[in-house]
Structures are given as C-alpha cells and as structure tokens.
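Following the hints, position chain B against chain A.
Read top to bottom, the protein sequences are chains A and B. According to our numbering, the first sequence is numbered sequentially starting from 1. According to our numbering, the second sequence is numbered sequentially starting from 1.
The reader is advised that the hints may include incorrect statements.
What the hints assert, rightly or not - The following label-pair restraints were derived from C-beta to C-beta distances:
1) H215(B) x A18(A): 45 to 51 Å
2) R262(A) x N181(B): 55 to 61 Å
3) E239(A) x L17(B): 15 to 21 Å
Don't read these hints as lab results, they were simulated from the structure. Computed from a prediction, not measured in an experiment: that's the story for all the values here. Cβ coordinates follow ideal geometry from the N, Cα and C atoms, glycine included.
There are 2 protein chains.
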Amino acid sequence: MTRLADIGEFEAIQRILASRVPGPGVAVGPGDDAAVLRPTEGMRVAATTDAFVEGVHYRPGDLTDLELGARLAAANLSDLAACAATPRWGLISMGVRAETPIATLVDRDRGLAQALRAHGASLVGGNLAKVQGPEWMSLTLIGECAPDRVWTRLGARPGDLIAVTGYPGRAAAGLAMITANGRAAAGAEWWTPLYLAYAAPASRVEFARALAATHAVHAAIDVSDGLAADLGHLCDASEVGVELREADWPDDPVMVRAATERGVDATRWAWGPSDDYELLLALPAEARERAVEAARAAGTPLTILGACTQLETLVWVGRDGSRRELPRAGYDHFR
Amino acid sequence: MTRLADIGEFEAIQRILASRVPGPGVAVGPGDDAAVLRPTEGMRVAATTDAFVEGVHYRPGDLTDLELGARLAAANLSDLAACAATPRWGLISMGVRAETPIATLVDRDRGLAQALRAHGASLVGGNLAKVQGPEWMSLTLIGECAPDRVWTRLGARPGDLIAVTGYPGRAAAGLAMITANGRAAAGAEWWTPLYLAYAAPASRVEFARALAATHAVHAAIDVSDGLAADLGHLCDASEVGVELREADWPDDPVMVRAATERGVDATRWAWGPSDDYELLLALPAEARERAVEAARAAGTPLTILGACTQLETLVWVGRDGSRRELPRAGYDHFR
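Looking at chain A on its own, in the form it has when it is part of the complex (with noise of 0.2 Å):
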C-alpha cells in the first residue's frame, strides 16, 4: 500500500486531484497559490469552516475514509444551510501522518467533494501537512445567499413558532450503536437509520434555500451540539425562551428501540449532545404551512415542538401538563 511517505507531498496532491471533477464558477482552480472564483453578481458571500480530529470527533474504523469527508462536508453544510445560503466552494486543509496511505487520503477527498456536489458545490483548494499524533481535516465552506433571504440565530420573537428538521439524538444514537455493535454490522439492522443519521446526515440546504424564499423564518441555527444547547444559543442571541410540548415531540420508535437495547434514557439523545446537523427554526405562527409545505416539497421531516416566550427560559411541558426547566448541556470540547 502506498504510503506518503513514499510518494511526497507534491505527487500526494496530484493524485488527490486527479479524482476531482470541476465544479461550476471556478476561474483558477486547485493547484494554483489561490482559487479564483466567479461570484453571482447581487449576491452576498457566505463562508464557514468546521473541523474534525482523529479520536475526538471520530474514532479510526467507526466511519469509512467515505464516510469521514462526506460527514465533514455535512458538519459546513448545515452550517450554510442555517443561513439559507448555497454552497459553492470549499478549501480542505488537512493535517495527516506520513505513514497514512493515499488511498485513505484520496477517499477522504472524494467523500467530501461527493458530498459538496450533491448540493452544487466543488473543492477549489486545500493544503496538505504531515502530523505525527492525531490526524485532523479542516474545511472551509463558501456559499452565497440573497441579501433579503439571510437567515441569522437573531431574530425569534415572542409567539414564534419552533421547527426542527429530521430527527434529534439519532446521530448521538446511531455512534452508540456503532460503538457497542461495530460498524459491520450497522448496514442490515433494524438500526440502519440511525447509523445513517450519524454516517451519512442529510444536509438540509435545499429545504432551507426554499423556505428563505418565502420568507417564512424569523431565526435559525443548526443542530451541531445537541438540541437543548442550540436552542439555549438561539434563544440567548434572539433574547426569546421557549415552550416545547412532549406531545408535539417527533415519535422516533428506532431510537426508542435503541434505548431500551442500551439501557439508557431516549431524551439524553434527543436534547444531550448529539450532532445531527439539523436545523432548529423560529417562525412566525402564520408561516406554518408555508414550512409544513415546503418541507414536503423538499422531503425533509419537520416538526413543530413548541414555541417562543417572552421569559427566557426552556421549558418542557409534559403531557400531564407538569413544566419543568431543561438543562443546555450540549457538547463542549474542553470540559
């Protein structure tokens, strides 16, 4: 198996670029000092950058090298997508041993431009340097969006309605699975889409895109460090609290199902840290249907949890009508 090592840098990132297919509105492409690109003339320009490390947000052999760069790709996706924006260009650095096979690098490459693409976007450059503890993958994601559609975390209003898409603790779910059963065996179970959730996360970018066209939604973020925390973060910038009702609370038997399996409490998922790279929405009560509706267009899942308050808190209200104040821990890095 050819190693970097033996290659070198240089021939490393000719082969890496051989897999690439050019995306649209790109001027100079990879290979050059800089990407020169064609923005669209009106438009404003989006940019985000998310990370992943070897043994902290992945563990080697949970996901495949596919995988890993299609995740990683989701991770900045979602990021645009809560801001309404489209992808377009991405910029992969990369922090990598010298013993890693380029086979490993070149499928990381792939899965990540795979998953750009989907949504309209291509890689336009990168940088590549060796490491000698835990490998890293950095990306960087420019998109643009309409000045009048730009959806921020800033913005909930009293009354506002709060959505989600898809369904939250599934990716916290799906890595538990993978952790006590092995990814091997994740393709043919009944726990299939939770594995997805957290292997293969759907990015939410065309539904976003269509919903900010109707200016249906008042603020957004993405669910990259568990529900509750994001919420909190949502609600601290909006200066709102919100209300969300058990009965409104999506029915998700497969990570019931996965629960009970692992003996462990279905909620820790839904609200504790779990990356699903879905969107939280706040929306105006009369925007409802147009988001049912275009949720339905997109084949996204949406659910209506509760809604704002004026009170900044975040209450649960259970069936039985008891209230109860929820705790924000989602993930952090450092504690």
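Using the frame of chain A, we list chain B on its own:
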C-alpha cells in the same frame, strides 16, 4: 493562569471574540453559524488556505503567540499576493489542548487579526477543536481580484524576466539563528533582519496589487517551499525554463555572515527549503521599469535574477560563465 479546560469552549470563544475589531464588508460576523460578507460588485473572489502544526511548522518557544498568529496570516497573505488579490476575510480553525491558557489563544488570534488588518482584512469566523497531541492552526483567507488582473503560475514565456521580492533564504537563516542562539537574543543582534524575516515576514500584498494594475506580470508564485522549488513549480506550469545569473543575485551580507557563523553554504538557504513568503514574478522585458518603479513606490526590495528560456531546465550561470543545473529540492513534508 486560566486554561481552556477551566472555562470551556463557549466562554473561550467569547473571550477571543471580545478582542476582535470588526472589519469592512461584514454583514454577519463571528458567532453565528456562518459569516455573511458583502463582496465588491464586479470582482472575483480569491481563496486560499494554509496551516501550521506545532513541532512541524514551528517549535514552541521560537515565536511568541502574537508572532505565530502573524506568521500564519503572512503565509496566507502571500498566497493572495501571488494572485494579485486584495485580502478581505479570514476564517481560523484551531486544534488546541485543554490545558492551553486562554491568554495564549487570545494572543494567537490577536497576532492573526493585526497582521490581516494591516492589509485590510478581518477575521469573520472560526472553529475551536480539542486535540490531545500537537496543536495546529489552519487559516482560510478570502480576497477579491479584478477579473483582468489575476496572476497565476501559468503564463511565463521564454524571454520573460524573473524577479523576486526581498531576500530569499532569510527565513531559513533566521530559523537557524534562532535555533542556535534562542529567540531571546534576536531583538538586539546583528541578525535581527534574519529573525524578522522568519518571525514577521513582510506581505507583498500592496506591491502586487499596484503592479497588477500596470499589467506588467505574466506569471507569479509565492516562495513558500524554497526558491528553486517554487521557481520549478512556475516553470512546470508555464512550460518554460529559467537561466539565472550569479552576478544579478541580491547581495545579502547579513545572511552571508550568518552562514559563515553557522558553517553552512549561504546558497543552501537561498535556494533550498525556506518559507520566505516572497513573490517570484515572470514579466516581459518591456515591463522592467514599471516593476522597478512599483517596487520602489511600495518600499519592496525587487531583484531581476534572470530570464525564462525555452528549455525546461533551471540553469545557474556563474560569474565565470560556468553553467550548472539547479536542484529543485524544496520543502516536502512527507519525504
């Protein structure tokens, strides 16, 4: 001393952001899912990324945290200068150990931000990830360039002059002197210019932009691997060779003195691996005066080293008329 582990990811980010100064063209700055930027109508977008890894690109203690941040900015600014782009917006992705003091992070960020601000750019986004091994920083820098003024490595023609800014090899010389004498000695010594070339490289952004406006350049590349290696990249892309004249080589008595003291051949620094972040330019003979004038106006040292040839070789012509082919060896991470 407060460490990251003491305050956690979100408080750390707040403290870093508190020291930032907002830059121009930013509709949504740091702290949201993505930054939203206002590009200049009619301009193209240029983007590059470069990373530093602890123990690979820098040894802890050789640079202050401010210098480390500024040097990473310089690496990226140089890439944009090499395509004659105007730097505008940066995104910084960092891998940091939990025991690192927050003051260290704030200083690195300030070093980055100050160096970018000196050339009109600001930090608009980032990511903070935990590492257990060596730390790393990866910057993506976004700029703008006029469609008819973009430089690439491709376009040098036989007969073009080859010019270089600054004094190639000084960064390698400075690093060698810091390694031998410690950085404490650098400030007040005769080799301060070498120390500065390594610790605080000039960015040739304004010179590049002024020169691009005169349409004087056929091809450009920045010197980040070493002069012979990067000249080789430019020649390969343009399908030309180069003949360089020893008699035209810039006098650099400080570097020669350091080479004598260290017992090395000064040409090893000048030609070999050295990340000077200077510019190599190929320009038509009739543009010589324009280039010299632009360099004078920008206060940028500029030397014409030789000329492009049809044969695709790098030839060194000694003062005595002797000819030899230059090795293209530059810095390769993995070999």
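Now the hints, each set against the structure:
In this structure, H215(B) and A18(A) break the distance hint of 45 to 51 Å, their C-beta atoms being roughly 33 Å apart. Range check, R262(A) to N181(B): about 59 Å between beta-carbon atoms, so the 55 to 61 Å window is met. For E239(A) and L17(B), the Cβ-Cβ distance of about 18 Å falls inside the hinted range of 15 to 21 Å, so the restraint holds.
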